[in-house]
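Place chain L on chain X using the hints.
These protein sequences, in sequence, are chains X and L. Under this note's numbering, the first residue of the first sequence carries the number 3, and numbering increases by one thereafter. Under this note's numbering, the first residue of the second sequence carries the number 232, and numbering increases by one thereafter.
Hints listed in this document are in silico derivations from the structure and should not be mistaken for laboratory results. In this text, a Cβ means the ideal position worked out from N, Cα and C, and glycines have one as well. Any given hint could turn out to be false.
Taking lysine-lysine pairs in the DSS-like style, the calculated list, with each CA pair at most 25 Å apart, reads [what the hints assert, rightly or not]:
| # | chain 1 | residue 1 | chain 2 | residue 2 |
| --- | --- | --- | --- | --- |
| 1 | L | K285 | X | K110 |
| 2 | X | K236 | L | K349 |
| 3 | L | K344 | X | K63 |
| 4 | L | K284 | X | K133 |
| 5 | X | K115 | L | K284 |
| 6 | X | K90 | L | K313 |
| 7 | L | K272 | L | K294 |
| 8 | X | K73 | L | K337 |
| 9 | X | K133 | L | K258 |
| 10 | L | K447 | X | K236 |
| 11 | L | K419 | L | K336 |
| 12 | L | K272 | L | K447 |
| 13 | L | K336 | X | K51 |
| 14 | X | K73 | L | K336 |
| 15 | L | K294 | X | K115 |
| 16 | X | K110 | X | K64 |
Listed next, the stretches of chain L that the computed footprint assigns to chain X, with coverage defined by at least 3 CB atoms under 8 Å from CB atoms of chain X [claimed, not checked]:
| # | region |
| --- | --- |
| 17 | 300-312 |
| 18 | 347-361 |
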Amino acid sequence: MGEVQALQNTMGEVKVIGSSKSLFCTRVEWALKLKGVEYEYLEEDLLNKSTLLLQHNPVHKKVPVLVHNNKPVAESLVILEYIDETWKHNSLLPEDPHERAMARFWAKFADEKCLMGAFMAFWKEGEEKEKAIESALESFTFLEKQIQGKKFFSGDDNIGYFDLVMGWIPLWLNVMEEVGGMKLDDPQKFPSLHEWAQNFNEIPLIKDCLPPRDALVNYFNFTVNYNRSMAEAKQ
Amino acid sequence: MASDQVTLLDLWASPFGMRVRLALAEKGVKYEYSEQDLMNKGALLLQMNPVHKKIPVLVHNGKPVCESLIIVQYIDEVWKDKAPFLPSDPYQRAQSRFWADFVDKKIYDFGRKIWMEKGEDQEAAKKGFIDSLKLLEGELGDKPYFGGETIGYVDIALVPFYTWFYAYETIGNFSIEAECPKLIGYCKRCLKKETVSKSLEDPKKVYDFVVMLRKKYGIE
Numbered sequence: 003m004g005e006v007q008a009l010q011n012t013m014g015e016v017k018v019i020g021s022s023k024s025l026f027c028t029r030v031e032w033a034l035k036l037k038g039v040e041y042e043y044l045e046e047d048l049l050n051k052s053t054l055l056l057q058h059n060p061v062h063k064k065v066p067v068l069v070h071n072n073k074p075v076a077e078s079l080v081i082l083e084y085i086d087e088t089w090k091h092n093s094l095l096p097e098d099p100h101e102r103a104m105a106r107f108w109a110k111f112a113d114e115k116c117l118m119g120a121f122m123a124f125w126k127e128g129e130e131k132e133k134a135i136e137s138a139l140e141s142f143t144f145l146e147k148q149i150q151g152k153k154f155f156s157g158d159d160n161i162g163y164f165d166l167v168m169g170w171i172p173l174w175l176n177v178m179e180e181v182g183g184m185k186l187d188d189p190q191k192f193p194s195l196h197e198w199a200q201n202f203n204e205i206p207l208i209k210d211c212l213p214p215r216d217a218l219v220n221y222f223n224f225t226v227n228y229n230r231s232m233a234e235a236k237q
Numbered sequence: 232m233a234s235d236q237v238t239l240l241d242l243w244a245s246p247f248g249m250r251v252r253l254a255l256a257e258k259g260v261k262y263e264y265s266e267q268d269l270m271n272k273g274a275l276l277l278q279m280n281p282v283h284k285k286i287p288v289l290v291h292n293g294k295p296v297c298e299s300l301i302i303v304q305y306i307d308e309v310w311k312d313k314a315p316f317l318p319s320d321p322y323q324r325a326q327s328r329f330w331a332d333f334v335d336k337k338i339y340d341f342g343r344k345i346w347m348e349k350g351e352d353q354e355a356a357k358k359g360f361i362d363s364l365k366l367l368e369g370e371l372g373d374k375p376y377f378g379g380e381t382i383g384y385v386d387i388a389l390v391p392f393y394t395w396f397y398a399y400e401t402i403g404n405f406s407i408e409a410e411c412p413k414l415i416g417y418c419k420r421c422l423k424k425e426t427v428s429k430s431l432e433d434p435k436k437v438y439d440f441v442v443m444l445r446k447k448y449g450i451e
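Excised from the complex, chain X in its bound form:
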């Protein structure tokens, strides 16, 4: 039996419930493509959530949800580990337990401090914006140290778990900077990180899953106005 046929037989039925503009959903697609897993993508309207989504993620009601043979897995980082454990070739996480712990640590740090920091810097205004930018820049400094001397965060020539987790930087951060009027990915402050972003975005399977830039610009314009009007309504 050929390798491809054998792989397809083990895949089962794989669906991704997602939103094409969500960086969390794109991570999942990248992981599936890296593993050569075929899947059906079900685009979700987040302002009008489907029964399928609410059924498969009743706790958080969010995307992405991976549905494998009708069994749902939610939360992007949990999904990445599930994908890595189910389709064992082209490993995303390292073998060594300490290195695995480090990859998980940096992923948590990047999502909590860098990504959330970037969102804060994006939608806040005035003095709060300045503080948010400063805080995000501090977090990015840690990432710069991590990537120095390496092509990818995985430490070798192939991208891994943490590269996928950081994958929002080349496109999503760039759009947030434009729409939000701030700069975080500064090639002078973070030359190694900037170079990583360019190498990462050149990879064909990465590029294939990216949403069109103008759709993302429209989406972020919408969210910044929406969030600010919600904040005003609260006051």
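Chain L alone, transformed into the frame defined by chain X:
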């Protein structure tokens, strides 16, 4: 492994620290416990966790691991021959990780707001807290533990917070047992295990600690 050097940098009242103590107890790992002064952080803590400067930190043969659930997974992977915390099936593992993440996102945050906030904010936190515990009760179902017949990853993530329930109830003026009797029954069942009872702190002492924190933050 007799040559292993294991140190835990911790604070006695921290539920995150208790998770690690419980994980080490379940695996029967001998370690040195090092109580940290978070008002006056020591050089070792700052060296081992320069990013967050927080406890718990597990130092194994000189190499640090930070963030309690990451430490628990590390312990499970290194001392893999005894008492596995995660099931072997990838789907079941994903469910365990999901629910442990849920505990981190909901129980800690709402609990913290219960003792730090007042008025409407505190009421909202109490509601969120109880709703989250009810979801956990649903997930537990008829099993003795979230891990099934034995303590697992989700149990380790959740049970230490039980030591803070008395503080939440007293400060928030409500009864968790009245709303979630099944969950309280589950916590008491866990405490019957020696590994759990020796890893968890006395809720009354934790309450005194929280009272001291409230005074320090000027919350009255």
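For each hint, the structure was consulted:
| no. | hint | in the structure |
| --- | --- | --- |
| 1 | L:K285 / X:K110 | 14 Å, holds |
| 2 | X:K236 / L:K349 | 18 Å, holds |
| 3 | L:K344 / X:K63 | 23 Å, holds |
| 4 | L:K284 / X:K133 | 21 Å, holds |
| 5 | X:K115 / L:K284 | 14 Å, holds |
| 6 | X:K90 / L:K313 | 24 Å, holds |
| 7 | L:K272 / L:K294 | 19 Å, holds |
| 8 | X:K73 / L:K337 | 24 Å, holds |
| 9 | X:K133 / L:K258 | 44 Å, violated |
| 10 | L:K447 / X:K236 | 30 Å, violated |
| 11 | L:K419 / L:K336 | 23 Å, holds |
| 12 | L:K272 / L:K447 | 18 Å, holds |
| 13 | L:K336 / X:K51 | 22 Å, holds |
| 14 | X:K73 / L:K336 | 23 Å, holds |
| 15 | L:K294 / X:K115 | 23 Å, holds |
| 16 | X:K110 / X:K64 | 19 Å, holds |
| 17 | 300-312 | holds (count 6) |
| 18 | 347-361 | violated (count 0) |
Against the hints set out earlier in the document, violations occur for numbers 9, 10 and 18.
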